[in-house]
Amino acid sequence: MNTHKESYEETGRSPGDEALAELIRQAGRRPEPPTEAYRQVLEATTAVWTGKVKGRRRVRFACALAASLLLGFGVISLVQRSEGPARDPVEVAAVDHGFGLVMFKGPTAESWQALDEADAGLPEGARVRTGNDSGMGLRLLGGESLRLAQQTEVSILSADRINLDRGTVYLDTGRHGRSQVEIYTPLGIIRHIGTQFETTYTVNQMRLRVREGVVQLQRDGEVTRAEAGTQVLIDLEGAAIESAIPPYGADWDWIQALAPMPETTEQTLAAFLEWVARETGRSVHFANPDLRVRARAIMLHGQTRRLLPMEALAVMLQTTDLQYTVTGESEILIEDHPM
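Here the sequence shown stands for residues 581 to 919, where the numbers follow my numbering.
Derived from the structure by calculation, the hints contain no laboratory data. Treat the hints with caution; some may be incorrect.
Listed next, the in silico EDC-like pairs over lysine to aspartate or glutamate satisfying Cα-Cα at most 16 Å (straight line) [unchecked claim]:
id, residue 1, residue 2
1, K685, E704
2, K685, E733
3, K685, D745
4, K685, E671
5, K685, D696
Label-pair restraints from in silico Cβ distances [said to hold, decoys possible]:
id, residue 1, residue 2, range
6, P869, L813, 31 to 37 Å
7, Q785, H917, 45 to 51 Å
8, G882, Q798, 40 to 46 Å
All C-beta atoms in this analysis are idealised placements derived from N, C-alpha and C, irrespective of residue type, glycine included.
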């Protein structure tokens, strides 16, 4: 065993390795295979190898296709999630009441159709048009009263933006002054500070009448301020002419026919008189201080729809022991009814 160990250390081969080498030397060189046999084996081997490669390619293509489909689906899903579900049009105005034939056109509609009080509301982007013998009162989303005179067309772009395309509109924002409604015309943008005002736009000029509060007219980088009792005429050249106008009288009669009617059931006479004063532009006075106190305590009953404010006042006072008199066109005097 020591001899074998020394031989392995000298040659680097074990006895088993030397025996195997001797056996190979004795067997001699392996004969070359016949050419035809070599060709057949080569073709068979190549076919097997090609099939495996194609199989791998098919698998790789299928995987790539699946990955592409998943990626596309993921992108579509991501876009859908980012865009969110289709948003329904937001209702920004509701029909209060009107008269005559009034037409409206939805934001995606191709034709105009009749608008009546049965319609629940108008979406943003809706257009409303009155004719020669019609008018319409709308209640905007913020509670503002928007009234359209005859031969008027507006586009309600949002709850606080109205485009006046032609004609005359009246806006009553209430006494609190929180409304942000703006009226857009080709000759300027009208912004208010708690007010009642009327705007008329034609192809030649724009007219602004302020009944209550303050209005700002922005045009060509300039701001014109108009206060209550002021009328402003602006022509195509931008020239502005101001004049005084009273808050009552025939110029305001058309808005009374479209005034939103108050809920007279379980309402005090004092609150009803305040509505009459606001719609007519007249101030209410009492013949004596005691009548003012009584007006706060008297509860009204009944409805006054389809009546003008002064007509409604006459009807409501018939249920009390009071009467009214118009003095100097600008005042409504409340006094005891003579027995």
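Structure-based check of each hint:
1. K685 to E704: holds (11 Å)
2. K685 to E733: OK: K685 and E733 at ~11 Å, within 16 Å.
3. K685 to D745: holds (14 Å)
4. K685 to E671: Within the cut-off at roughly 14 Å; holds.
5. K685 to D696: With Cα atoms ~13 Å apart, K685 and D696 stay inside 16 Å; holds.
6. P869 to L813: 31 to 37 Å: violated (43 Å)
7. Q785 to H917: 45 to 51 Å: holds (48 Å)
8. G882 to Q798: 40 to 46 Å: Cβ of G882 to Cβ of Q798: about 45 Å, so the range 40 to 46 Å holds.
The structure fails hint 6 only (numbered hints given earlier).
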